[in-house]
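Each chain, letter by letter, is given below.
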Amino acid sequence: SAVISQKPSRDICQRGTSLTIQCQVDSQVTMMFWYRQQPGQSLTLIATANQGSEATYESGFVIDKFPISRPNLTFSTLTVSNMSPEDSSIYLCSVEGVQSSYNEQFFGPGTRLTVL
Amino acid sequence: RKEVEQDPGPFNVPEGATVAFNCTYSNSASQSFFWYRQDCRKEPKLLMSVYSSGNEDGRFTAQLNRASQYISLLIRDSKLSDSATYLCVAMDSSYKLIFGSGTRLLVRP
Chain A
1 SAVISQKPSR DICQRGTSLT IQCQVDSQVT MMFWYRQQPG QSLTLIATAN QGSEATYESG
61 FVIDKFPISR PNLTFSTLTV SNMSPEDSSI YLCSVEGVQS SYNEQFFGPG TRLTVL
Chain B
117 RKEVEQDPGP FNVPEGATVA FNCTYSNSAS QSFFWYRQDC RKEPKLLMSV YSSGNEDGRF
177 TAQLNRASQY ISLLIRDSKL SDSATYLCVA MDSSYKLIFG SGTRLLVRP
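Going down the list, the sequences are from chains A and B. The first sequence begins at 1 in this note's numbering and counts up one residue at a time. The second sequence begins at 117 in this note's numbering and counts up one residue at a time.
Honestly, I wouldn't trust all of these hints.
Cβ pair distances, simulated, as ranges [said to hold, decoys possible]:
| no. | chain 1 | residue 1 | chain 2 | residue 2 | range |
| --- | --- | --- | --- | --- | --- |
| 1 | B | ALA145 | A | MET31 | 33 to 43 Å |
| 2 | A | LEU73 | B | LYS212 | 16 to 26 Å |
| 3 | A | ASN82 | B | PRO225 | 26 to 36 Å |
| 4 | B | GLN147 | A | SER18 | 31 to 41 Å |
| 5 | A | ASN72 | B | LYS212 | 16 to 26 Å |
| 6 | B | LYS161 | A | GLY40 | 12 to 22 Å |
| 7 | A | GLN22 | B | ALA133 | 40 to 50 Å |
| 8 | B | ALA183 | A | SER59 | 37 to 47 Å |
| 9 | B | GLY125 | A | PRO85 | 22 to 32 Å |
| 10 | A | ILE12 | B | GLY132 | 23 to 33 Å |
| 11 | A | LYS65 | B | ALA133 | 39 to 49 Å |
According to the in silico footprint, chain A covers these stretches of chain B (three or more CB under 8 Å from chain A) [to be verified]:
| no. | segment |
| --- | --- |
| 12 | 159 to 165 |
| 13 | 218 to 225 |
Taking lysine-lysine and the DSSO-like style, the derived pairs with C-alpha atoms no more than 27 Å apart in a straight line are [said to hold, decoys possible]:
| no. | chain 1 | residue 1 | chain 2 | residue 2 |
| --- | --- | --- | --- | --- |
| 14 | B | LYS118 | A | LYS7 |
| 15 | B | LYS212 | A | LYS7 |
| 16 | B | LYS212 | B | LYS158 |
| 17 | A | LYS65 | B | LYS212 |
| 18 | B | LYS158 | A | LYS65 |
Simulated from the structure, these hints should not be mistaken for laboratory data. Just so you know, these numbers come straight off a predicted model, no measurement behind them. Here a beta-carbon is modelled for each residue, glycine too, at the ideal position from N, C-alpha and C.
Between the sequences and the hints, there should be enough to build the whole structure, so can you do that?
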């Protein structure tokens, strides 16, 4: 499977600020996704990051709050804008496996965000 | 009703035990199914894809029953290192992963 890295691994931010999270993959992948895992809960898909076009957002998530970039097939960013304590969560990127028969997805190590 | 439902556990079993996790999904159009393992404060790691005929990988066996919309994971000869949260996942027709809330497993010496 691809090697996926995320930066930063963790951050503590003040309310009202924004944080941009980077996701880097060591090979070209078609599909990249951003998920959120709130404390004690399972993962929820935020959006699909599309290369060369706008991201596709899931219900409850909007571009103004979570702008996403996907400049090429190995890199994506997710920005958490105008943060509030409710945004404290782990943010994970995932990619579809290369040459996968069942569309398996593999996850980056995550970014642990705490908003004060 | 949640799209993917799992018993949250925890399942507390001794080493060497056999343990089974069950999962149901509500979307009959779901295409693929997976079991992920998540350790505390770590990302989910793919454990198994679930094939329609059922599949085995060492001590792990996964089964899918499309008629009943039911997925299972069986772990034989449990090890201490199997302690983790096991996430049942369904993929819909747009490649979106729908996660269950996870089942915690604690394997004790």
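So which of those numbered hints doesn't the model satisfy? 1, 3, 8, 10, 13 and 14
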